[in-house]
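Q: Line by line, the protein sequences give chains L and C.
Following our numbering, the numbering of the first sequence begins with 1 at its first residue and continues without gaps.
Following our numbering, the numbering of the second sequence begins with 1 at its first residue and continues without gaps.
Check the hints yourself; a few may be wrong.
Subject to a maximum C-alpha distance of 27 Å in a straight line, what follows is the list of computed DSSO-like cross-link-like pairs (lysine-lysine) [said to hold, decoys possible]:
| id | chain 1 | residue 1 | chain 2 | residue 2 |
| --- | --- | --- | --- | --- |
| 1 | L | K174 | L | K251 |
| 2 | C | K54 | L | K251 |
| 3 | C | K54 | L | K174 |
| 4 | L | K251 | C | K65 |
| 5 | C | K5 | L | K251 |
| 6 | L | K251 | C | K27 |
What the hints contain is simulated information worked out from the structure, not anything from laboratory work.
Please read all numbers here as calculations on a predicted model, not as lab measurements.
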Amino acid sequence: MGVASRFILRRRGGNGWHWTDIVTWVWLVGGLIIMFGPAVWLAFSSFKTPAALAEFPPSILPYVTSQATVQGYDKPLQLFDAKMPDGSTKVLAEVRRIGTMSQMVDPKTPGEIVRVNINDRTPVRSVSFATENYTTPFTQFDFLRYLWNSVFVTVTATLITLIVNSMAAFALSKYEFRGRSLAMLIILATLMVPLSVIMVPLYSIISSLGLFNNLWGVILPTVATPTGVFILRQYMLTIPDELIDAARMDKASEWQIYWRIVLPLTAPALAVLAIFSVVWRWNDFLWPLIVLSRRELYTLQVGLSIYSGELNVQWHFILAMTVVTMIPVVLVFIFLQRFITTGIAGTGLK
Amino acid sequence: MGEIKLSDVNKSFGSVHVLKDIDLHIKDGEFVVFVGPSGCGKSTLLRTIAGLEKITGGVIEIDGKRVNEVSAADRGLAMVFQSYALYPHMSVRQNLAFGLENSNMPKNEVAERIAEAARMLEIEPYLERRPGQLSGGQRQRVAIGRAIVRRPTAFLLDEPLSNLDAELRVSTRAELAALHARLGSTMIYVTHDQVEAMTLAHRIVVMRAGKIEQVGTPLDLYNTPANRFVAGFIGAPHMNFLAGEVAELQTGTATLTTSGGHRLLVPFSGHSLSVGDKLTIGIRPQHITLANDPGSLKVKVRLVEALGSETVIHADLNGEKLLAVVPGQKQLSPGDEAYFSVAGAPLHLFDRNGLRVKGS
């Protein structure tokens, strides 16, 4: 056994099973299935045809029933593994089904009809990826337009969020002034106010500012986040005041202290907030739906809702586009997560 | 020029009064050390001079100009912090250049000054490294280098050696003294270590609880401490204090009795004492000698610390602790009886308020 597998399979009970081993395995495997299962299902299902999606019981992999064109029939026929009366199995094409009996034909001898009970036949299926789920929205719908809108909203909102929140956090962590704690408390208190409460007043503000049907109307209300201020402030509190004193002695202006000393040292916390902000803005649905009513301004999440019409939901497109919308968020996370864990090596203090 | 004058400086944090009526005149080129126990306000005093803390009363003048309202950046001072406070995300070179760039100095002059400081402090090989990749001693040098490149009117050093190990501390101390001699600038140095104060300072400022207790040269402070606190603080090991009383007064001498009934003769010329006054008698451990004379102080030995070149004897004199440092190696062990002689030792007399008795 390799070192890795020995490490992973190590048990508290030694050779036997301690009850904590069982709990751990159940917990971890269960967690893996709960967390990862839906994502795997989504990724595979996005390649299913509408028929395969409607199938019951559902499958994980995208299966397609094989078809064959048989001489003498206009349409392609579905292939089945049929059990013959003599016990052997044969691949037959189904011509039609009458009650519990199926009329089948051997593709090699198209003239001869074989009658098989439907319980004695199983469809011949193979894994097949319906890539048209991905290609059709790109060609038929305005997907690239939505993508661009989403990217613009996410990138702009995240940049403004980082700058505005870090400035607030800098003031709230490094300056002594009357009412500092009160200001922090009020900012944190706004965490408890949900969007649905402020939706109507926010809407009237946005519309009186003329930002209705404008991407800036989506961006601006979201840039000041109490969570962001809180994360950054807590991190900045750990930056020693002596560094800032040293910068003051070095003739640095307050702006330079913020921009050249505090901000670079807050990089790990900024990365965390950047991930949050990207995920929040990218996944925003309700607010963009309210502000944007012109189709060419839709963000991806709003655009996706087009595929669910009143009478029919095009699940195969929704699933495929959901996968596409997930990709940037996953990439951002993969790229930035190392900042969270590493921080800045060596602090130069003590 | 680096003349600094403090007049009647006061500083409060809310209701806490941390600096009380500080008057101090630091001359150009002087090496002044602020010393005192932790919490005595010495670091705060340094920070008020730096401009990092606003004073709540009094006047600070640098080269004759009032700087109360001048910001830290514009006072022309440089500071070395206890934690060094190097910018961790910048290389050593960038650390040194930061202050110069902020004053819009031309690039070639910045490079020149960095090269000069790096040569002086022997940190040239590390210029491209980050502070995290340096040892404690190297960081210390960079921190000093960051002050040197600014060519300040005065250097402010806040316990710069306290994060170094003992051996490095001694060598860096010597380098600092050499650096001061070479640069000739005013240096103000804060420490709680009286050995650093004694070895480095032209003048020592002893502080306690926000007040200046005494200002003087190291030997002034050692030989004629102004009060009991300074006497106990300067010198290692600490001065011994015995309770005493004035028994007789003649011209030129005073006769004192200790609580154990021993009589001590002290040269005295003045009028501030009268017979029956209660006093504290201070004797430095180094001035006590071992004697065989039954007329001297009979003590019980509690602990013997043999240091080879000298022996530290912790003893008990009628319930009062007495410490003696005698040269050479002595065959004594705890529980032994010994005789301490203070004949010829300079005795320090302090009155009931702890102040030095005039004329003693």
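Q: Under the constraints set out in the numbered hints, which ones does this structure not fulfil?
A: Violated: none.
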